[in-house]
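A.B. asks: Read top to bottom, the protein sequences are chains A and B. 1 is the number of the first residue of the first sequence in my numbering; add one for each residue after it. 1 is the number of the first residue of the second sequence in my numbering; add one for each residue after it.
Treat the hints with care, as some may be off.
[Unchecked claim] Below, in silico cross-link-like pairs of lysine-lysine (DSSO-like), each with a Cα-Cα straight-line distance of 27 Å or less:
1) Lys-3/B - Lys-61/A
2) Lys-55/B - Lys-103/A
3) Lys-49/A - Lys-57/B
4) Lys-58/A - Lys-57/B
5) Lys-103/A - Lys-57/B
6) Lys-49/A - Lys-3/B
7) Lys-13/B - Lys-49/A
[Claimed, not checked] DEER-style ranges, computed between Cβ atoms:
8) Ser-67/B - Glu-20/A: 40 to 48 Å
9) Ile-60/B - Gln-45/A: 21 to 29 Å
10) Glu-72/B - Ser-26/A: 41 to 49 Å
11) Met-88/B - Ser-14/A: 24 to 32 Å
12) His-43/A - Ser-82/B: 40 to 48 Å
13) Glu-72/B - Asn-8/A: 33 to 41 Å
14) Asp-59/B - His-7/A: 16 to 24 Å
15) Lys-71/B - Ser-80/A: 40 to 48 Å
16) Gly-22/A - Ile-60/B: 22 to 30 Å
17) Asp-54/A - Glu-17/B: 47 to 55 Å
Treat the hints as calculated values from the structure; they're not laboratory data. Note that the coordinates shown come from a computational prediction; the quantities given were computed from them, not determined experimentally. From the three backbone atoms N, C-alpha and C, an ideal C-beta is built for every residue, glycine too.
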Amino acid sequence: AQSVSQHNHHVILSEAASLELGCNYSYGGTVNLFWYVQYPGQHLQLLLKYFSGDPLVKGIKGFEAEFIKSKFSFNLRKPSVQWSDTAEYFCAGYGNNRLAFGKGNQVVVIP
Amino acid sequence: DVKVTQSSRYLVKRTGEKVFLECVQDMDHENMFWYRQDPGLGLRLIYFSYDVKMKEKGDIPEGYSVSREKKERFSLILESASTNQTSMYLCASSTFLRGRPEHTDTQYFGPGTRLTVL
Numbered sequence: 001a002q003s004v005s006q007h008n009h010h011v012i013l014s015e016a017a018s019l020e021l022g023c024n025y026s027y028g029g030t031v032n033l034f035w036y037v038q039y040p041g042q043h044l045q046l047l048l049k050y051f052s053g054d055p056l057v058k059g060i061k062g063f064e065a066e067f068i069k070s071k072f073s074f075n076l077r078k079p080s081v082q083w084s085d086t087a088e089y090f091c092a093g094y095g096n097n098r099l100a101f102g103k104g105n106q107v108v109v110i111p
Numbered sequence: 001d002v003k004v005t006q007s008s009r010y011l012v013k014r015t016g017e018k019v020f021l022e023c024v025q026d027m028d029h030e031n032m033f034w035y036r037q038d039p040g041l042g043l044r045l046i047y048f049s050y051d052v053k054m055k056e057k058g059d060i061p062e063g064y065s066v067s068r069e070k071k072e073r074f075s076l077i078l079e080s081a082s083t084n085q086t087s088m089y090l091c092a093s094s095t096f097l098r099g100r101p102e103h104t105d106t107q108y109f110g111p112g113t114r115l116t117v118l
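All chains, please: the whole structure from these sequences, using the hints.
C.D. replies: So this is what it looks like as C-alpha cells:
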C-alpha cells in the first residue's frame, strides 16, 4: 500500500519568512497528490492538488507545490508567510484506490 | 458549495456503549470516508464506501463498522466503545474523476465529531 511521509512535524517561523514543507510518497503507479490545511477550529480544506501536467501547481492563499517524480516528492512552498497561515498542513496521496495522509505539519507563524 | 455535515460536534460516551456517528453529504458524491484524527498520527482511514450498501475496510477498521443505506448518508458505528477510541472523527466525500476509481477528486470534509469515551 502507498504511504505518505512528512518531516519536521512542528515548524515555527516569523511573518514574511519563507515556508517549505516536505512530502514524500511511496507509490509508483498513477498517483493523485493533495495538500490540505486545517486552520484552528475549522474543517480540513484543500490547498492544492496535482493530477497530471505542469508539475508546479498553484493553490489558494499563495501556496504552491512541485511534483518531482524522480524524488517521489510533492513539497509545499510559500515565499512569505502571514500570521493567518498558522495551521496544520497535511499531504495526501491517492493510489491503489485509497487516500493516504501524512502525519501533518503544525505550522506556527509568529507576528 | 459541497456540504458535509456530521451529527454531533462533541460526544461523550461510556465504555461499552454503542455509538453512532452520522454523516450526510449533499453533492451526490459516490465516495464517502471515515477517518480518525489523532495528534501526531495524522488522519487514518477507518472505512470507506464507493456505493450504496458497499463498504471497504481502511487501515484501522477494528472495533468499528459502517452502514451506507442511502447514497448521501454514511454511518460509523462503534459496537462497544472503548477509551482508546477517544478521538476526532472526520467524515469526507468525493467523486471519481472520469468515472474511474483510480482517479479521485478532492475529498470534502465535515467539521468532525470529537468523541470522548470515559
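A.B. asks: Look at each hint and say if it fits the structure.
C.D. replies: Quick rundown of the hints versus the structure:
1. Lys-3/B - Lys-61/A: 22 Å, holds
2. Lys-55/B - Lys-103/A: 25 Å, holds
3. Lys-49/A - Lys-57/B: 25 Å, holds
4. Lys-58/A - Lys-57/B: Given that 27 Å is the threshold and the Cα spacing comes to 33 Å, the pair is violated.
5. Lys-103/A - Lys-57/B: 20 Å, holds
6. Lys-49/A - Lys-3/B: 20 Å, holds
7. Lys-13/B - Lys-49/A: Outside the cut-off at roughly 37 Å; violated.
8. Ser-67/B - Glu-20/A: 40 to 48 Å: 42 Å, holds
9. Ile-60/B - Gln-45/A: 21 to 29 Å: For Gln-45/A against Ile-60/B, whose Cβ atoms are near 24 Å apart, the range 21 to 29 Å holds.
10. Glu-72/B - Ser-26/A: 41 to 49 Å: Because 34 Å falls outside the window, the suggested range is violated.
11. Met-88/B - Ser-14/A: 24 to 32 Å: 29 Å, holds
12. His-43/A - Ser-82/B: 40 to 48 Å: 27 Å, violated
13. Glu-72/B - Asn-8/A: 33 to 41 Å: For Asn-8/A against Glu-72/B, whose Cβ atoms are near 39 Å apart, the range 33 to 41 Å holds.
14. Asp-59/B - His-7/A: 16 to 24 Å: 21 Å, holds
15. Lys-71/B - Ser-80/A: 40 to 48 Å: Distance hint for Lys-71/B, Ser-80/A holds at roughly 44 Å.
16. Gly-22/A - Ile-60/B: 22 to 30 Å: 25 Å, holds
17. Asp-54/A - Glu-17/B: 47 to 55 Å: 51 Å, holds
Against the hints set out earlier in the document, violations occur for numbers 4, 7, 10, 12.
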